Each structure stands twice: as C-alpha cells, then as structure tokens.
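J.: Sequence:
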Amino acid sequence: MTGIALYGYLVRVRRMAEQAARMELERERRAAEVAEAVAAERNRIARELLPGGVLLTDAAPRW
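Oh and the sequence shown: position 42 is 42 in full-length UniProt numbering, straight run, nothing missing.
I should point out that these hints are in silico values taken from the structure, not numbers from a laboratory. Please note that a few of the clues may not be correct.
As the list claims (entries may be wrong) - The following label-pair restraints were derived from C-beta to C-beta distances: (1) GLY8 - ARG47: 53 to 61 Å; (2) TYR7 - VAL34: 39 to 47 Å; (3) ALA17 - ALA37: 24 to 32 Å; (4) GLU28 - ILE4: 32 to 40 Å.
Remember, predicted model here, so these are calculated numbers, not experimental data. Positions of the beta carbon are idealized from the N, C-alpha and C atoms, including for glycine.
Generate coordinates for the entire structure from the input sequences, incorporating the hints supplied.
T.: Spelled out as structure tokens, the structure:
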C-alpha cells in the first residue's frame, strides 16, 4: 500500500470512528430523553391515582 493510499484509508477510518461516536452520543441522548419521559409519566400517574403520590413499586421490594 502506498503512502497516499494508506493516508486515505486512515482518514476514512477516522471519519467512520467519529461518526460512530456521534451516533452513540445521539443514542445515549435519546435514551435519556425516554427515561425522563417515563419517569415524568410515572410521577403524573402517582400524583393522580395513588394516595400520597407514592407508586407502589417504589415502596415494595423487587423480588
């Protein structure tokens, strides 16, 4: 492999690694948004439906 070809290959590999890192960050951001939305919905249900606003799953041990 010539020096120019090797350089081009390394540039492509680096770009692919950077793209993979950006995609992973985006996945983590979306997962955090979903977790936040789920927690907000659980809290809304707790406030509206349960006495004292405490979800039973929060107080009960998980077997």
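J.: Take a look at whether the Cβ-Cβ distance between TYR7 and VAL34 falls inside 39 to 47 Å.
T.: Since TYR7 and VAL34 have Cβ atoms about 41 Å apart, the given range 39 to 47 Å holds.
J.: Honestly, do GLU28 and ILE4 meet the 32 to 40 Å range at C-beta?
T.: Once the Cβ atoms are compared, 37 Å apart, the range 32 to 40 Å for ILE4 and GLU28 holds.
J.: Given the hint of 53 to 61 Å, is the C-beta distance from GLY8 to ARG47 inside that range or not?
T.: holds (59 Å)
J.: Holds or violated: 24 to 32 Å for the Cβ distance of ALA17 and ALA37?
T.: holds (31 Å)
Checked against the numbered hints above, the structure violates none of them.
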